[in-house]
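K.L.:
Which chain is which? The protein sequence lines are A and B, in order. Note that my numbering has the first sequence beginning at 51, numbered continuously upward. Note that my numbering has the second sequence beginning at 51, numbered continuously upward.
No wet-lab data here; the hints were simulated from the structure. Predicted model, so just to flag it, every value in this text is computed and none were measured. Treat each hint with caution, since some may be false.
Which copy? The list can't say, so a pair holds if one copy fits it or any two copies do.
[Claimed, not checked] Calculated pairs, DSS-like style, for lysine-lysine (alpha carbon to alpha carbon, straight line, at most 30 Å):
hint : residue 1 : residue 2
1    : Lys232    : Lys267
2    : Lys250    : Lys186
3    : Lys250    : Lys191
4    : Lys191    : Lys217
5    : Lys267    : Lys186
6    : Lys186    : Lys217
Protein chains: 2
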Amino acid sequence: VSDKLDGEDLFIPPLNFAMVDNGIFRSGFPEPANFSFLQTLGLRSIMSVYSSQPLSLIFLYFLFCFSPVLLLPVCVSVSVFEFDDPFRIAFEYPIEELGVKSLPCMLLLMVCLFDWVFVRYLCPEPYPEANMEFLKSNGIKLYHFGIEGHKEPFVNIPEDTIREALKVVLDVRNHPVIIHCKRGKHRTGCLVGCYRKLQKWCLSSVFDEYQRFAAAKARVSDQRFVELFDISSMKHLPITFSCLKR
Amino acid sequence: VSDKLDGEDLFIPPLNFAMVDNGIFRSGFPEPANFSFLQTLGLRSIMSVYSSQPLSLIFLYFLFCFSPVLLLPVCVSVSVFEFDDPFRIAFEYPIEELGVKSLPCMLLLMVCLFDWVFVRYLCPEPYPEANMEFLKSNGIKLYHFGIEGHKEPFVNIPEDTIREALKVVLDVRNHPVIIHCKRGKHRTGCLVGCYRKLQKWCLSSVFDEYQRFAAAKARVSDQRFVELFDISSMKHLPITFSCLKR
Numbered sequence: 051v052s053d054k055l056d057g058e059d060l061f062i063p064p065l066n067f068a069m070v071d072n073g074i075f076r077s078g079f080p081e082p083a084n085f086s087f088l089q090t091l092g093l094r095s096i097m098s099v100y101s102s103q104p105l106s107l108i109f110l111y112f113l114f115c116f117s118p119v120l121l122l123p124v125c126v127s128v129s130v131f132e133f134d135d136p137f138r139i140a141f142e143y144p145i146e147e148l149g150v151k152s153l154p155c156m157l158l159l160m161v162c163l164f165d166w167v168f169v170r171y172l173c174p175e176p177y178p179e180a181n182m183e184f185l186k187s188n189g190i191k192l193y194h195f196g197i198e199g200h201k202e203p204f205v206n207i208p209e210d211t212i213r214e215a216l217k218v219v220l221d222v223r224n225h226p227v228i229i230h231c232k233r234g235k236h237r238t239g240c241l242v243g244c245y246r247k248l249q250k251w252c253l254s255s256v257f258d259e260y261q262r263f264a265a266a267k268a269r270v271s272d273q274r275f276v277e278l279f280d281i282s283s284m285k286h287l288p289i290t291f292s293c294l295k296r
Numbered sequence: 051v052s053d054k055l056d057g058e059d060l061f062i063p064p065l066n067f068a069m070v071d072n073g074i075f076r077s078g079f080p081e082p083a084n085f086s087f088l089q090t091l092g093l094r095s096i097m098s099v100y101s102s103q104p105l106s107l108i109f110l111y112f113l114f115c116f117s118p119v120l121l122l123p124v125c126v127s128v129s130v131f132e133f134d135d136p137f138r139i140a141f142e143y144p145i146e147e148l149g150v151k152s153l154p155c156m157l158l159l160m161v162c163l164f165d166w167v168f169v170r171y172l173c174p175e176p177y178p179e180a181n182m183e184f185l186k187s188n189g190i191k192l193y194h195f196g197i198e199g200h201k202e203p204f205v206n207i208p209e210d211t212i213r214e215a216l217k218v219v220l221d222v223r224n225h226p227v228i229i230h231c232k233r234g235k236h237r238t239g240c241l242v243g244c245y246r247k248l249q250k251w252c253l254s255s256v257f258d259e260y261q262r263f264a265a266a267k268a269r270v271s272d273q274r275f276v277e278l279f280d281i282s283s284m285k286h287l288p289i290t291f292s293c294l295k296r
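Bound-form chain A, shown alone:
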């Protein structure tokens, strides 16, 4: 997927792409259409603060997977001891029709089917196969610090994860690095906001930058997180627009 100008391919930067500092970029989730552009950056690493599924959905997944197992003794006792006729009609008749000989066998099938649907469609890999291949063929290291995407007021940004991610971003051995989440607004915005605090930017400028990317989706809770983020333990790290010094 690429545009053309006078027969030349045009580059398609990822959503919300921008330069944060020397050797540090930010963006939304990189799609295959963006790969040729990303190659021009000569990236050494990718910092993904993206987690595809909120905890609630993962909980739902386990509930669904294990519920047949939990119900198994009940179902077996019903079918073996013929407690009740409606149960037999509901369970045994369709099972016999499908050629499945026993209820446990049927339940196992259900679990497998659900598992396959969930993994395949509801819970995609944090990195799609195409992206993993792009990383591999370009020798790019993936740092993955999954932070769930929430909507207000259910925002819970893990301070320690942001702190660890910041350390990776600050390490020049990882440069050039690109930070991304899904849309390059909230989680990336929080991480860059904390980075700016380390650079000793005044809060109004930090928030101005956050809002430029989040626009109508700006969250007070994200900005509050950045305001409260404690940088005292990280002050020893050298952090300025340093490579540009004459």
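Fit chain B to the known structure of chain A by using the hints.
P.N.:
Relative to chain A, chain B alone:
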């Protein structure tokens, strides 16, 4: 003017400050409060595409300055040859009261007064004194390509000026350079937009970046200018995020 954090000064980046590429920044007009931040960038040059006055006001200025000179022969002939009484009452009486001996002398005084008011209050220097001193003391070279700030539909962006400004911005001998106009939205946005075209960005990404800074003030005419801007004569110039190549 600076904030404090644990007794340390915080940096105040200029309005709409951002990094465009290696060695290239963008922003609104730099105020004295931003100087300590700008020092950390180790700037070598400033590209100002700011002009304080629209052409109409400059035209008005010349009209006012030269009108007394143009009227001079008429006035002199009136006062010398005493063509008409009302003229004598209007011109000679107040002149004598003020102790000014002749009409030409009075007219010259008027011109000087207008000139002083105009330069002092209506047409400020493209660079305030404080900024000029900051540039001088930090050895920063000023490139000034005055482009008038217009409101739609009176937009007339000079393509040649943008082209010349781009050449300066592309020249690595001028890096690190900061591009600025008044608010870092329209004129700076157009210049950066043309720069992105040279980098072979697709138009949707170029406009996305323009809109991120212009926000509610985005102009279709600016984006149309970028779309139509012809880069064919500049294609020989090397332009990628090149310093980041491994």
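K.L.:
Tell me, please, which holds for lysine 232 and lysine 267 at an alpha-carbon limit of 30 Å: within, between, both or neither?
P.N.:
Classified as both; 13 Å inside a copy, 27 Å across copies.
K.L.:
Go through the copies and call it for lysine 191 and lysine 217: within, between, both or neither, with a Cα cutoff of 30 Å.
P.N.:
Within one copy only: 15 Å inside, 36 Å across.
K.L.:
Please sort lysine 267 with lysine 186 into within, between, both or neither, judging by C-alpha distance up to 30 Å.
P.N.:
Close neither inside one copy (34 Å) nor across copies (42 Å); limit 30 Å.
K.L.:
Is it within, between, both or neither when you check lysine 250 against lysine 191 at 30 Å Cα-Cα?
P.N.:
both (29 Å within a copy, 26 Å between copies)
K.L.:
When no copy is specified for lysine 250 and lysine 186, does a C-alpha distance of 30 Å or less occur within a copy, between copies, both, or neither?
P.N.:
between (36 Å within a copy, 26 Å between copies)
K.L.:
Which holds for lysine 186 with lysine 217 at a C-alpha limit of 30 Å: within a copy, between copies, both or neither?
P.N.:
within (23 Å within a copy, 37 Å between copies)
Violated hints amount to a single one, hint 5; each of the other numbered hints is respected by the structure.
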